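J.: Input sequences plus hints: build the corresponding full structure.
Here is what each chain is made of, one letter per residue.
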Amino acid sequence: MGSDYAHRKWCHLRKVLERSGPFCRPDFEPSPNTLQFLSENCKLLVIGAGGLGCELLKDLALMGFGQIHLIDMDTIELSNLNRQFLFRQKDIGASKAEIAAKFINTRIPGCHVIPHFCKIQDKDEAFYRQFHIVISGLDSIVARRWINGMLISLLNYEDGELDQSSVIPMIDGGTEGFKGNARVILPGLTACIECTLDLYPPQVTYPLCTIANTPRLPEHCIEYVKVMQWPKENPFDCPIDGDDPQHINWIYEKSNERAVQFSIQGLTYRLVQGVVKNIIPAVASTNAVIAASCSTEVFKLATSCCSSLNNYMVLNDLDGIYTYTYEAEKKEDCLACSQIPREIQISNSTLKLKDLLAILCERVDLQMKNPGITANVNGKNKTLYMQTVASIEEKTRENLNRSLVELGLRNGSEIMVADSTTPNTVVMKLKFSTSTTDIDML
Amino acid sequence: MASPSPKSPEQSERTRKYDRQLRLWGDHGQAALEGAHVCLINATGLGTEILKSLVLPGIGAFTIIDSKKISDDDIGANFFLDSESVGKSRAEIATQVLLELNSDVRGDYVDEGPEQILSNSPDFFNNFTVVITTALPEKSLIRLSKILWDLDIPLIVCRSLGFIAYMRVQTREHTVIETHPDNETPDLRLDNPFETLKNHFDSINLDELDLKDHTHVPYVVILYKYLEKWISENGDVPKNYKEKQQLRDMIRSGIRKDEHNNPIDEENFEEAIKAVNTSVGRYEVPPSVMEVLNDDCCINLTAKSKPFWIIAKAVKDFMENDGSNSLPLKGAVPDMTADTEKYISLQQVYHKQAAADAEAVWRRTVHLLRQIGRPSDAITEKDVKLFCRHASNIYIQRGSCIADEYDPKTVDASEMTQSLENPESMMVYYVVLRGIEKFQVEYNSYPGEFDDHVEPDIVKLKACISKLLMEWGCGPLAKDDYVHEFCRYGGSELHSVSAFLGGLAAQETIKFITNQCKPIHNTFIYDAVTSNSASFFI
Ligand SMILES: [Zn+2]
Numbered sequence: 001m002g003s004d005y006a007h008r009k010w011c012h013l014r015k016v017l018e019r020s021g022p023f024c025r026p027d028f029e030p031s032p033n034t035l036q037f038l039s040e041n042c043k044l045l046v047i048g049a050g051g052l053g054c055e056l057l058k059d060l061a062l063m064g065f066g067q068i069h070l071i072d073m074d075t076i077e078l079s080n081l082n083r084q085f086l087f088r089q090k091d092i093g094a095s096k097a098e099i100a101a102k103f104i105n106t107r108i109p110g111c112h113v114i115p116h117f118c119k120i121q122d123k124d125e126a127f128y129r130q131f132h133i134v135i136s137g138l139d140s141i142v143a144r145r146w147i148n149g150m151l152i153s154l155l156n157y158e159d160g161e162l163d164q165s166s167v168i169p170m171i172d173g174g175t176e177g178f179k180g181n182a183r184v185i186l187p188g189l190t191a192c193i194e195c196t197l198d199l200y201p202p203q204v205t206y207p208l209c210t211i212a213n214t215p216r217l218p219e220h221c222i223e224y225v226k227v228m229q230w231p232k233e234n235p236f237d238c239p240i241d242g243d244d245p246q247h248i249n250w251i252y253e254k255s256n257e258r259a260v261q262f263s264i265q266g267l268t269y270r271l272v273q274g275v276v277k278n279i280i281p282a283v284a285s286t287n288a289v290i291a292a293s294c295s296t297e298v299f300k301l302a303t304s305c306c307s308s309l310n311n312y313m314v315l316n317d318l319d320g321i322y323t324y325t326y327e328a329e330k331k332e333d334c335l336a337c338s339q340i341p342r343e344i345q346i347s348n349s350t351l352k353l354k355d356l357l358a359i360l361c362e363r364v365d366l367q368m369k370n371p372g373i374t375a376n377v378n379g380k381n382k383t384l385y386m387q388t389v390a391s392i393e394e395k396t397r398e399n400l401n402r403s404l405v406e407l408g409l410r411n412g413s414e415i416m417v418a419d420s421t422t423p424n425t426v427v428m429k430l431k432f433s434t435s436t437t438d439i440d441m442l
Numbered sequence: 001m002a003s004p005s006p007k008s009p010e011q012s013e014r015t016r017k018y019d020r021q022l023r024l025w026g027d028h029g030q031a032a033l034e035g036a037h038v039c040l041i042n043a044t045g046l047g048t049e050i051l052k053s054l055v056l057p058g059i060g061a062f063t064i065i066d067s068k069k070i071s072d073d074d075i076g077a078n079f080f081l082d083s084e085s086v087g088k089s090r091a092e093i094a095t096q097v098l099l100e101l102n103s104d105v106r107g108d109y110v111d112e113g114p115e116q117i118l119s120n121s122p123d124f125f126n127n128f129t130v131v132i133t134t135a136l137p138e139k140s141l142i143r144l145s146k147i148l149w150d151l152d153i154p155l156i157v158c159r160s161l162g163f164i165a166y167m168r169v170q171t172r173e174h175t176v177i178e179t180h181p182d183n184e185t186p187d188l189r190l191d192n193p194f195e196t197l198k199n200h201f202d203s204i205n206l207d208e209l210d211l212k213d214h215t216h217v218p219y220v221v222i223l224y225k226y227l228e229k230w231i232s233e234n235g236d237v238p239k240n241y242k243e244k245q246q247l248r249d250m251i252r253s254g255i256r257k258d259e260h261n262n263p264i265d266e267e268n269f270e271e272a273i274k275a276v277n278t279s280v281g282r283y284e285v286p287p288s289v290m291e292v293l294n295d296d297c298c299i300n301l302t303a304k305s306k307p308f309w310i311i312a313k314a315v316k317d318f319m320e321n322d323g324s325n326s327l328p329l330k331g332a333v334p335d336m337t338a339d340t341e342k343y344i345s346l347q348q349v350y351h352k353q354a355a356a357d358a359e360a361v362w363r364r365t366v367h368l369l370r371q372i373g374r375p376s377d378a379i380t381e382k383d384v385k386l387f388c389r390h391a392s393n394i395y396i397q398r399g400s401c402i403a404d405e406y407d408p409k410t411v412d413a414s415e416m417t418q419s420l421e422n423p424e425s426m427m428v429y430y431v432v433l434r435g436i437e438k439f440q441v442e443y444n445s446y447p448g449e450f451d452d453h454v455e456p457d458i459v460k461l462k463a464c465i466s467k468l469l470m471e472w473g474c475g476p477l478a479k480d481d482y483v484h485e486f487c488r489y490g491g492s493e494l495h496s497v498s499a500f501l502g503g504l505a506a507q508e509t510i511k512f513i514t515n516q517c518k519p520i521h522n523t524f525i526y527d528a529v530t531s532n533s534a535s536f537f538i
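Keeping their order, the protein sequence lines are chains A and B.
The UniProt record's numbering numbers the first residue of the first sequence as 1 and each following residue consecutively.
The UniProt record's numbering numbers the first residue of the second sequence as 1 and each following residue consecutively.
Take these hints with a grain of salt, some might be off.
Below, computed lysine-lysine pairings styled on DSS-like, alpha-carbon distance capped at 25 Å [stated by the list, open to error]:
(1) 277(A) to 7(B)
(2) 7(B) to 232(A)
(3) 395(A) to 352(A)
(4) 7(B) to 179(A)
Treat the hints as calculated values from the structure; they're not laboratory data.
Remember, predicted model here, so these are calculated numbers, not experimental data.
T.: Rendered as structure tokens:
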């Protein structure tokens, strides 16, 4: 029965893969081999087995893909069950990747999902190089940026020409409440995550003086307890764990006291949880729509049956249903995908190293998390600051209060920046504004 | 410490499970969802995708109507049928597998075709909250559409064909209180402050404040002071760009100076300058809201009027009698630079007035209920408060009956004809889909369903479309490539296209159930080839 059954089972897919049509890509050749390629040879990597990930696996498996790797470091929680439909109550605490893979492999015979219960950073270039297409359904911007950087580092350039066969397309989906987006990234060829970093607004933060001295909103009270009161009173001898109800209870009770003290209304338990855990609202329907759109794009890329989305689609179904597609532009001097070092304007020659670090973290087009800097000073590679390794941090800490000039950096100096948002170090070029250089020369 | 520390509330399992969506539609939205019972006709891949996104968030109950036995090709397009179930009832298996998703949900099925049910038990549909169909043939669709139109139950018709998806909603009248607008303008009433607000403003004298207080006055107060001055000098609020610019300059001149006569950094003044654009105009009830309040249903209440209309009438009476032609006050004040005491006291003034307005509307609601002979608990005070808070964004949608679209005598083809003149319009998909329905009636198959019939079916489908266009009084369709493309699909269902529409159709269903957010009005088309979509009113 095997092949006959498969033949009948895939009769829907076969119609679009074995027949030609007026809207197909010119290089599309109708053939029964395409379906076989999807099920046996086309290797996909799905990153994230959450709201989008569960949908992606279902969609891809039913679009004929049979070789799927799945990577996710998370375990299943109760609050996942309103949308992550491959998980049940009994699975709470188990690996998302493992349970999801098992579910798909059982429900759809012929589909092989291989789970990886780990961080994306645990895998090396050789691992990522094996895939035809990478699909990301992540809620973390840092992780998105990291995988983006990884795929770019796999590109081969020969005499400045990009070797097209080294391009691994990335399909990326994101949702928030009733809004979402799907995009197609051809690393090195079209806009990448870093090219459009300003699409991700930095997280809302409240000025310290507001939360300490002039609170007006319930959020201000919660932030106060979180950043001032918790470290001071240290009620459980550990940092805040948003998943520990005892911790949330403590913060709720303390922020409520503060709200009462200042006559601030509207503080609820749900709000406390939301602020402490930075919760993004989520619903099954939006995840379904965005994952479906991503899966259609994977299918198009793998089969050439029609042109890809070029290259960004947004969805909003709050007021009717609104979708909009446009071409996000590749940035000439993109930190990740251009070959040109980004110039950083330095307007003040007394700028200290710590100020430079702050710039790297605060600028919307950089948004780094824990940058470490090395530079070539007088022909020697020198680590100026590194936060992530405690022993080096200690040794380089005193550099923070030195000015760039004192550290031997000049107009045109190149610095190498390492950060958790990228698997590679990024080269940047310091550009002291003319007035600064003038002063230098004086 | 003797502080009366409030105890943390016990979090129920349900609250924790649904946390991420409760943040979108609230506990009252969830309660509406849990009280709803939807009906799905035909458990196709598209059908189960729709139900999946309703079962997961916890819809009360669903019923599946489907007489089909599961075939091999069902397995390839439908995630909620397992490979061992070939030959069994599609309604039964889909119900079983969907129920595994959420133990809070009840589900049952009828192993009969919609045609049988429509003929044998037309009352069957009376108690559903929403009815959803997929792959429903034209004849049954027309009958069902008439029944549900008369029952005033929303109907959502969905199709997924190759790379194209289509959705049409039918509802007589749908009212929305919480539209969840993306940007809400604050309701400040600076041009004509209510008494307590005016007293509050009058109690503050900017010139007498020391510097610390001066930099911590809420911008609303600053804006009022300068607007008041402007009105006393010019007789009216600033109307055009030039006048607004002058008002901005006036405000800027109020910023305190340092010892070198340079203006100091006063963020609250900057906020006031920024707010000139949105917050100094004459108060006006939005025209869309006026339309609702002047609607016949609002003016002429009957014993059968929906709560929405009764509260709307109470709001109208409030405006004309106690509210000096303004809607009940929203009562929300945006965050702004200010010290706690000044901000909270201002917030209290708005809060209290909003509560008083809602109270007045509530009294009028009770009065109206008595007048039309309804029990006074038919509407709760909570309902009235919710309505008042969102009064400036209320919305009503009136639809059209699908059956009329299919009857040459009643169809209004002007929208179709006009759209077809635009070469970019996605209306062409609607026309071809309607042609395919005609084709199905005539030939009992999809065009291109059989490999050796593709070419002849293209000719036949073109004939079906021409016939349809003639009924509409339209010229021929010069889009043969679209006809060809649909024959290539041969009635196939691509899972990712169905999943896309499935999610959207589920969300439209939730909009009807919760009365939150505006539904589509009334036809939606998605083309997965270009990733474009469009909505029309037909
Ligand atoms: Zn880039």
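J.: A separate judgement is required for each hint: does it hold in the structure or not?
T.: Here is how each hint holds up against the structure:
no.: 1; hint: 277(A) to 7(B); in the structure: holds (20 Å)
no.: 2; hint: 7(B) to 232(A); in the structure: holds (22 Å)
no.: 3; hint: 395(A) to 352(A); in the structure: holds (17 Å)
no.: 4; hint: 7(B) to 179(A); in the structure: violated (35 Å)
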